[in-house]
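Chemist: Residue numbers (the UniProt record's numbering), protein chains in the order written: chain R, 1 to 272; chain D, 1 to 623.
Bear in mind the hints are in silico, worked out from the structure with no lab data behind them.
Pairs of lysine-lysine, BS3-like flavour, derived with a Cα cap of 27 Å:
1. R:250 - D:432
2. R:186 - D:107
3. D:553 - R:186
4. D:601 - D:579
5. D:367 - R:250
6. D:367 - R:256
Single-letter residue listing:
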Amino acid sequence: MDSMMNQKTVLAVTDDVVLPVSSVLAIMKELGKEVIESFDPLIITQASTINQFPLDASSVEAVLAISKTSDFPSDKICGEFSRILKPGGTVSVCKVLEGETGEIQQTIQRRVTLAGFLEPQCLDLKSIKLSTFSLSFGIKAKKPSWKIGSSFALKKPVTNLFKIDLDDDVDLIDEDSLLTEEDLMKPQLPVASGCETTKKACKNCVCGRAEIEEKAVKLGLTEDQIENPQSSCGSCGLGDAFRCGTCPYKGLPPFKLGEKVTLSQNFLEADI
Amino acid sequence: MGEKQRKLLVLYASQTGNALDAAERIGREAERRGLPASVVSTDEFDTSSLPHHEEAVVFVVSTTGQGDSPDSFKAFWRFLLQRNLGNYWLQQVRYAVFGLGDSGYQKYNFVAKKLDKRLSDLGATTIIEKGLGDDQHPSGYEGTLDPWMLSLWRTLYQINPKYFPKGPDVKIPQDEVIDKPKYRILFHKQEKLEPKLLSDSDIIQRARGMSPGKLFKDKSKPDCFLKMTRNEVLTKAESTKDVRHFEFQFVSSTIEYEVGDVVELLPSQNSSVVDAFIERCGLDPESFITVGPRETENSSFSEEMITQIPIKLKTFVELTMDVTSASPRRYFFEIMSFYATAEHEKERLQYFASPEGRDDLYNYNQKERRSILEVLEDFPSVQIPFDWLVQLVPPLKPRAFSISSSPLAHPAAVHLTVSIVSWITPYKRTRKGLCSSWLASLAPEQEVNIPVWFHKGSLPAPSQSLPLILVGPGTGCAPFRGFIAERAVQAQSSPVAPVMFFFGCRNKDTDFLYRDFWESHAREGGMLSEGKGGGFYTAFSRDQPKKVYVQHKIREMSKRVWDLLCDGAAVYVAGSSTKMPCDVMSAFEDIVSEETGGGSKEVASRWLKALEKTGRYNVEAWS
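The following block holds chain R by itself, in its conformation from the complex (with noise of 0.2 Å):
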């Protein structure tokens, strides 16, 4: 049982009456060295007319068709063909010697190539001897190795920039060689003229600075600052981006000069 699961099906079609078993054993052994003397191939003759084999999709390891007018094999039992191979299957058209060749190889190879097999291959096989007729050429082609439906995953394009996997263990120098002893050092602040960065002068300030604090609690709004505003530079009613460093309006909303200061409604929201 086991020999006969592994046995290639052959199928065997012609458009010639007659197509001795012996004959296509021949053909099969010059067309491929993989065949083996046991396998019983499955003979159709008179196919021409054919509309449909009598076989499952997919259920056939070669197909051998020997051509003896040039309609035969049509598009449709091209067809045929492709229906019923398995995934990389073969198939080989013989043409019998008989008169015209140049053209009909062309024809044929495309049919095939059109019913969807991949690789044609063009032999010449004069020299095969056979009993009862002689042949000129043969094409041969593959059905594609996947089966109607079936899909696969595209590959993604892979980016150079992402060559590098993360966690993989190539050779890195360590980082942290690249540091000097300087840069170890606990950084510098920057250093600002004076006392300027600091948020008050300093206690035993001697850059003037206190005095000019001093002044500007002084400065702090009046009751009346606020009532009517008035700006000897003119620029305190038109908001923060006006107005100068010691402005005592600084951090209020934009006015208009002598109009009462008000808050926007929102100004002691949360800013939300």
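Position chain D relative to chain R; hints supplied.
Modeler: Just chain D now, with coordinates in the frame of chain R:
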């Protein structure tokens, strides 16, 4: 001479957008001088092509507080660190590095410093000495950037005058070029639309997917929504701080998280302020728009934009444009100056955009945390087209918080411990943190759905058999509440390793967060009890004249800390990013050098480095 026009390549790595801003500024300044420039993020650049750039390459990279590089820099940097690249790999390349950092931190501008050294080791030639921008500078990183750029242009001109056919100082005047906005807006007729089909998360994805804020492009759709179930004040009324305990439950889908993970929340902006902004800009809040990149010579009209489903203008503003809390960048003032019609406003804006006005702008804008709306209100004659606003208004960013719950102890819930941020500016204006004050204002009854994203922070969840030394002053205790709650559940079925926890705050009586919780586990038999090999130690900095911090307590417990370290304990530090992590590290250094028999600091520091490399010293810090 037939030699082709020189070009400039600006490669940047930005985390918060400052480095991007600086990179674009360098690009613009180059183009104003007649040198075409392209500005590209390091994660969009084919690193292997770097050696073939015969043109000048300027790198702009930022360094975060802990010395980390931006996420967009990591793959690029790893490529450069490969040992087999050799000393000649970049020998044709001329480069200059500008870094953005903060000298308040120990690892000041480390990314830029390392990059500069590595490029030079790979054979590249430096154009000028690296520039280090400093947040501590009175006018921020721009204080260094302006003079650095001038020196860059002059040196490039000396190397090859072809860079600037008209000389490095000949500029197209500012008011002649008005760059084109990078985005274009399509307005749609309303009747064609069926916006009701969209779920909340689809709307957020759509809006944020269209927005130019590239920093969140990859994850525009929220992982899920949370609903607040509890809003409790943890601090006492007398405290100077307002720290809240928030509890949330999942709306519809549940996300599995681990202790130590971080959740990001997208805050809502005050609707009336958004309305005010839209009105100020003369826009129709009900109109429907799609936003897409403007077509350039190289790319034709974006098909993506036609197929996008339009969304309401107001929704787009609310979800993507920070009009109420973030300050505009300097470029915004430059663009405003083009559109100012009042002479005094135009003059002022041009001054702000110029190098001379930089310090005044910094004081007016960044230091005051002026919002877009406030700036627009100060310059009433300016009417900016919406496409410019889409590009220049700072993107609304999600805010990250360490989760303070354990999925084991608090199933289907997320807890956060949040300090409500509020401060007074130099001009004496009160400012509040957008996200924290919004959360504080929410009541569970309102049933507001909060869009959130979950991700891993820098604190990996420890196994229950791993002894722990936790240091979490202030809200830094948040992740450790999750750690301890989880371990307490595990302890019911199998033995757990001991935990030593150092907590700190100002006063015992006012801001001792989760006091009962810690103390219940510190009682006899608890994992925080000394009897079990653990410990609970508190530092109340202002309860006595001399300030006591967690690092002092760690030193006090030297012997016990060392013993637990020898038992294979892992150290976890969380909290304020300013000085604490550094001080804690040096306390551990002292302990290691003392206990190993007076070994040198250097040996101790190497010992701790090794601990860090094996994942047994983890720090999560925030500002």
